[in-house]
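**Student:** So the protein sequences, as listed, match chains A and B. If you read the first sequence in my numbering, its first letter stands for residue 1290, the second for the next number, and so on. If you read the second sequence in my numbering, its first letter stands for residue 1290, the second for the next number, and so on.
Be aware that one or more of the hints could be misleading.
As the list makes no split between identical chains, a pair holds if one copy fits it or if it spans any two.
What the hints assert, rightly or not - Under the rule of at most 25 Å between Cα atoms (straight-line distance), these lysine to aspartate or glutamate pairs were calculated in the DMTMM-like manner:
1. Lys1454 with Asp1388
2. Lys1405 with Glu1376
3. Lys1613 with Glu1494
4. Lys1454 with Asp1380
5. Lys1333 with Asp1427
6. Lys1454 with Glu1374
7. Lys1333 with Glu1307
8. Lys1381 with Asp1458
9. Lys1454 with Glu1378
10. Lys1405 with Asp1380
11. Lys1381 with Glu1494
12. Lys1405 with Glu1378
13. Lys1381 with Asp1349
14. Lys1322 with Glu1341
These are calculated hints, taken from the structure and not from any lab test.
Protein chains: 2
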Amino acid sequence: MHILILGAAGMVGRKLTEKLVRDGRLGNTDITKLTLQDVVAPAKPATSIPVELVTSDFADAGTAGPLVASRPDVIFHLAAIVSGEAEAEFDKGYRINLDGTRFLIDAIRAIGRGYKPRLVFTSSIAVFGAPFPEKIGDEFFHTPLTSYGTQKSICEMLIADYTRKGFLDGIGIRLPTICVRPGTPNKAASGFFSNIIREPLSGKEAILPVGEDVRHWHASPRSAVGFLAHAGTMDLAAMGARRNLSMPGMSVTVGEQIAALERVAGKSVVARIVRQTDPVITGIVSGWPRDFVTDRALGLGFTTAEKTFDDIIRIHIEDELGGKFVN
Amino acid sequence: MHILILGAAGMVGRKLTEKLVRDGRLGNTDITKLTLQDVVAPAKPATSIPVELVTSDFADAGTAGPLVASRPDVIFHLAAIVSGEAEAEFDKGYRINLDGTRFLIDAIRAIGRGYKPRLVFTSSIAVFGAPFPEKIGDEFFHTPLTSYGTQKSICEMLIADYTRKGFLDGIGIRLPTICVRPGTPNKAASGFFSNIIREPLSGKEAILPVGEDVRHWHASPRSAVGFLAHAGTMDLAAMGARRNLSMPGMSVTVGEQIAALERVAGKSVVARIVRQTDPVITGIVSGWPRDFVTDRALGLGFTTAEKTFDDIIRIHIEDELGGKFVN
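Please build the complete structure, drawing on both the sequences and the hints.
**Tutor:** So this is what it looks like as structure tokens:
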């Protein structure tokens, strides 16, 4: 099985690559080739599987053709610019997040001759915009309040239509906010959800810019990669024409996050969280989804790696910190 | 007020033009110029209002720029290829129904300098695909089962996002099936809903290819034009970020249509309906919406011209047949 990952250098792309290399297979099929593409050079994984690294701009009309010419069996499409950048740079956002996807699916279609790869598209809960119910159900409509959410929603539509027409075998999965996101604090408005766990575990202070009653929707990186792997192998016939869906996750308040951190790592770690209310971030976050009903995804076999937020913290300590944290 | 109609030569475009010329104003504002565009030459209406006729292809990248360069205040965007054609000619459908709309909104945005026209987009109930509830509510999600419905849904998203960013002041309205559609019978699967009224009233036979229990969602051409005019003038601030909505209509069965025809025109007219079941058309129509909850549109002042299906037939006799029919 030849697997192509678009956007392989990003956090989810790196973790997916790690898993594929570790497992050597996707589902029950051995991986015979990995093609890793990103706008910055993806790292070459240590593996005996043949790996091709491609550095190219997903927004260029000519990028997709050569990538699909060798007919990869499964394509993980993680290439995107993030919400804040798509909002600040309007044209760039549409070029990468919308036009890039169209170039890809049209390149797949242009091959023809029975080529019909599995295409796994990472969508986002940003397709939903307030006001919405406390729990967003599987049939709630899309009212994105960002250009990023608009672009993700449009790509969902395109992938469903191209699938319906038989040009590819697509699925779009809406990932929860990934927590704990590894790396360093960034300026994303959502950053604090991870910062307040990751930084204290590394002995550093982290700013909490919102109240403890703020509720949000999370899944671990391990869960996200598990969703992708399942989406890459499951029988999609059960989905019928509705090829996009919200992934399972965990709805917790910031207060519950902090209580979990105290249970897992103790009071001294929690003491590194600095409360410093930011009205702008508080305002932005108030418009975000808080909870979901994901019966459809659960029925299709998507499962999270965690049962509690304590598990999410433990997964971070295991996968990112070698099992240790700064007490 | 300068009004631009894109797709002015189509049935709705012609009727909208007639109304604007007849009223001489839109809302409370006098019309000072009409620009009528279509891929086939629109007819020049008899009016003292200055009229510019433009024959051009909406799918050409260069078409929109010159049309918006004179900064029309209100743009009615009716340009599209219909469902059957968009399904049969995949590329053409995306080029006209999606790319054309992007060219338009990008051309508007490119003018800048405070130019922010009202853009009224005609969407379609084809954005919804079965299975759906007996009555489709204002918050039901989009699961189109045609490329046409996909393209309309995508344009809704784009118009909402461009509006949110302040590039234009947009609204998308999902018209019910127009009944009674004037003209001659066409091959559209939905054609019979109008054929079985229009043809018998003209002394001709019409084929009914489905059972009398088939339920569908209708509005008269007069209602459709009324929706457009209201959308062109109403205060859209009340809509917030959600700029697309289903229009009011009437849910009736074919049997109720026929009963209304008998009440309005008598048994001899109804006798011209020939029952000849077509399993293909029956299958297609079974996947179509049957009824809607349109509380949001009603609350925003959208109203139909008819109270009963009898009214829909009477409107056809008045507006198309000069008040007379063949007994």
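**Student:** Now tell me if each hint is right for this structure.
**Tutor:** Verification of the hints:
no.: 1; hint: Lys1454 with Asp1388; in the structure: both (19 Å within a copy, 19 Å between copies)
no.: 2; hint: Lys1405 with Glu1376; in the structure: between (33 Å within a copy, 19 Å between copies)
no.: 3; hint: Lys1613 with Glu1494; in the structure: within (17 Å within a copy, 83 Å between copies)
no.: 4; hint: Lys1454 with Asp1380; in the structure: between (29 Å within a copy, 12 Å between copies)
no.: 5; hint: Lys1333 with Asp1427; in the structure: neither (38 Å within a copy, 49 Å between copies)
no.: 6; hint: Lys1454 with Glu1374; in the structure: between (33 Å within a copy, 14 Å between copies)
no.: 7; hint: Lys1333 with Glu1307; in the structure: within (10 Å within a copy, 66 Å between copies)
no.: 8; hint: Lys1381 with Asp1458; in the structure: between (27 Å within a copy, 22 Å between copies)
no.: 9; hint: Lys1454 with Glu1378; in the structure: between (33 Å within a copy, 12 Å between copies)
no.: 10; hint: Lys1405 with Asp1380; in the structure: between (30 Å within a copy, 18 Å between copies)
no.: 11; hint: Lys1381 with Glu1494; in the structure: neither (34 Å within a copy, 57 Å between copies)
no.: 12; hint: Lys1405 with Glu1378; in the structure: between (33 Å within a copy, 20 Å between copies)
no.: 13; hint: Lys1381 with Asp1349; in the structure: both (11 Å within a copy, 22 Å between copies)
no.: 14; hint: Lys1322 with Glu1341; in the structure: within (8 Å within a copy, 60 Å between copies)
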